[in-house]
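Asks: Read off the chains here:
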Amino acid sequence: MEDINAIQTRVKSMIVENLMLQIGVSEIKDDQPLFGPGSLGLDSVDALQLVVALDKNFGLKIPDPAAAKEILQNVGTIVAAVRQKFTGTSLAEP
Amino acid sequence: MSPRVILVTGANGGLGRAIAAAFLAESPQNLLWLGVRANRDKAESLSRENPGRCRLVELDVTRPDEWQKVVARIVSEDKRLDVLVNNAGKHHDGLLANLPFTAWQEVIASNLDATFHGCQAVLPTMISQRNGRIINIASLSALLAPAGQTNYAAAKAGVVALTQSLAKEVARIGITVNAVCPGYVDTESLAAMDGEARKSALGRVPMRRFGKPEEVAAAVRFLACPDAGYITGSILKVDGGIL
Numbered sequence: 001m002e003d004i005n006a007i008q009t010r011v012k013s014m015i016v017e018n019l020m021l022q023i024g025v026s027e028i029k030d031d032q033p034l035f036g037p038g039s040l041g042l043d044s045v046d047a048l049q050l051v052v053a054l055d056k057n058f059g060l061k062i063p064d065p066a067a068a069k070e071i072l073q074n075v076g077t078i079v080a081a082v083r084q085k086f087t088g089t090s091l092a093e094p
Numbered sequence: 095m096s097p098r099v100i101l102v103t104g105a106n107g108g109l110g111r112a113i114a115a116a117f118l119a120e121s122p123q124n125l126l127w128l129g130v131r132a133n134r135d136k137a138e139s140l141s142r143e144n145p146g147r148c149r150l151v152e153l154d155v156t157r158p159d160e161w162q163k164v165v166a167r168i169v170s171e172d173k174r175l176d177v178l179v180n181n182a183g184k185h186h187d188g189l190l191a192n193l194p195f196t197a198w199q200e201v202i203a204s205n206l207d208a209t210f211h212g213c214q215a216v217l218p219t220m221i222s223q224r225n226g227r228i229i230n231i232a233s234l235s236a237l238l239a240p241a242g243q244t245n246y247a248a249a250k251a252g253v254v255a256l257t258q259s260l261a262k263e264v265a266r267i268g269i270t271v272n273a274v275c276p277g278y279v280d281t282e283s284l285a286a287m288d289g290e291a292r293k294s295a296l297g298r299v300p301m302r303r304f305g306k307p308e309e310v311a312a313a314v315r316f317l318a319c320p321d322a323g324y325i326t327g328s329i330l331k332v333d334g335g336i337l
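Protein chains in written order, with the working numbering: chain A, 1 to 94; chain B, 95 to 337.
Where hints are given, some of them may not hold.
[Stated by the list, open to error] Below, in silico cross-link-like pairs of lysine-lysine (BS3-like), each with a Cα-Cα straight-line distance of 27 Å or less:
{"id": "1", "chain 1": "B", "residue 1": "163", "chain 2": "B", "residue 2": "173"}
{"id": "2", "chain 1": "B", "residue 1": "184", "chain 2": "B", "residue 2": "331"}
{"id": "3", "chain 1": "A", "residue 1": "85", "chain 2": "A", "residue 2": "56"}
{"id": "4", "chain 1": "A", "residue 1": "85", "chain 2": "B", "residue 2": "163"}
{"id": "5", "chain 1": "A", "residue 1": "61", "chain 2": "B", "residue 2": "331"}
{"id": "6", "chain 1": "B", "residue 1": "163", "chain 2": "B", "residue 2": "184"}
{"id": "7", "chain 1": "A", "residue 1": "56", "chain 2": "B", "residue 2": "136"}
{"id": "8", "chain 1": "B", "residue 1": "184", "chain 2": "A", "residue 2": "61"}
{"id": "9", "chain 1": "B", "residue 1": "262", "chain 2": "B", "residue 2": "306"}
{"id": "10", "chain 1": "B", "residue 1": "306", "chain 2": "A", "residue 2": "56"}
{"id": "11", "chain 1": "B", "residue 1": "173", "chain 2": "A", "residue 2": "56"}
{"id": "12", "chain 1": "A", "residue 1": "69", "chain 2": "B", "residue 2": "262"}
{"id": "13", "chain 1": "B", "residue 1": "173", "chain 2": "A", "residue 2": "85"}
{"id": "14", "chain 1": "B", "residue 1": "163", "chain 2": "A", "residue 2": "61"}
{"id": "15", "chain 1": "B", "residue 1": "184", "chain 2": "B", "residue 2": "306"}
Rather than coming from a laboratory, the hints here were simulated on the basis of the structure.
Make a model of the complete structure from these sequences and hints.
Replies: Structural data, given as structure tokens:
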């Protein structure tokens, strides 16, 4: 299992590449909201792409809109879900 | 042209077979999956004539679980899915006053629900590829709304609206969604009309002839080709000038 930093970078790259964002990976903060005010400005079509990309890149399946709302808040929540899938541990744990 | 993996539903009908044949003729690299249900003799003959390039797959288009299985199999074997042609459908005509509700439901299910299920089943793969072509076979009935076809006209009008709405949703992902509206085309449905009805139908066609399945297939093939990459949400009539 990769360390958190590596996963964070992969997730950010995935977001930039899949959504064709005109920003660099380093410009995305871990706790920056993906949707809504002060966010990256993503919309529901972007969310759809992220759900597919997370399955393809990490095997992380997001089964319903409630789970998507939980997981797709920011890079940190995505990374936590990826870690939980592989290790059963969340990002909050040491 | 690079190899493409193409799924055509309703492949045993005259139109479905013509569409599949058009893709097979387009490039020796095209790989066809033919969705069939009860009848499969014509699709089987096409498959036999094109060994290794044309496979039959059992698909009841009204069942989302069957769609999921078929798409999973295609992706497992061919690693991608480039084109979906939602062609399967049926009609059950009659005046609304006497139309059994089951006839309404079955026509909505086989035309509109089926298109929904098909699009939903292929989208994750096409989104992942960031490329895909969906061509929905609607009907001129969607635009003309003839008497005696409340169910069919409503279903096909739904297919048209679904096409235009979905096209907007996935445009930025590199997926195009278009619909073709055939008019009177020389298929089983037309053959089933009695002489008077055929004569009356012909009288409505400015070109004074019925369309050939191959002429509809050519429109479908065009919408799926790279040159049509900027066409999405379009409703293409192939009707000899009726509308």
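Asks: Compare the structure with each hint and give your call.
Replies: Here is how each hint holds up against the structure:
With a C-alpha separation of about 14 Å, the suggested pairing of residue 163 of chain B with residue 173 of chain B holds against the 27 Å cut-off. Under the criterion of a C-alpha separation no larger than 27 Å, the hint pairing residue 184 of chain B with residue 331 of chain B is consistent with the structure, at around 19 Å. Distance check on the hinted pair: residue 85 of chain A and residue 56 of chain A sit about 14 Å apart at the alpha-carbon level, within 27 Å; holds. Proposed proximity of residue 85 of chain A and residue 163 of chain B is supported: the alpha carbons are some 25 Å apart, at most 27 Å.
The straight-line distance between the Cα atoms of residue 61 of chain A and residue 331 of chain B is roughly 40 Å, outside the 27 Å bound, and the hint therefore fails. Distance restraint check for residue 163 of chain B and residue 184 of chain B: the Cα-Cα separation of roughly 23 Å lies within the 27 Å cut-off, and the hinted pair is therefore satisfied. Restraint check: the Cα-Cα separation between residue 56 of chain A and residue 136 of chain B comes to about 37 Å, which exceeds 27 Å; the hinted pair is violated. Distance restraint check for residue 184 of chain B and residue 61 of chain A: the Cα-Cα separation of roughly 35 Å exceeds the 27 Å cut-off, and the hinted pair is therefore not satisfied.
In summary, the hint linking residue 262 of chain B to residue 306 of chain B is not supported, as the alpha carbons are separated by about 31 Å, beyond the 27 Å threshold. Between the alpha carbons of residue 306 of chain B and residue 56 of chain A the distance comes to roughly 42 Å, so the proposed pair goes past 27 Å and is violated. For the hint pairing residue 173 of chain B with residue 56 of chain A, the CA-to-CA distance comes to about 13 Å; that is within 27 Å, so the pair holds. For the suggested pair residue 69 of chain A and residue 262 of chain B, the alpha carbons sit about 23 Å apart, so the restraint of at most 27 Å is met.
At roughly 25 Å between alpha-carbon atoms, residue 173 of chain B and residue 85 of chain A fall within 27 Å of each other, so this suggested pair holds. A hinted pair counts as satisfied when its Cα atoms are at most 27 Å apart, and residue 163 of chain B with residue 61 of chain A qualifies at roughly 17 Å. For the hint pairing residue 184 of chain B with residue 306 of chain B, the CA-to-CA distance comes to about 19 Å; that is within 27 Å, so the pair holds.
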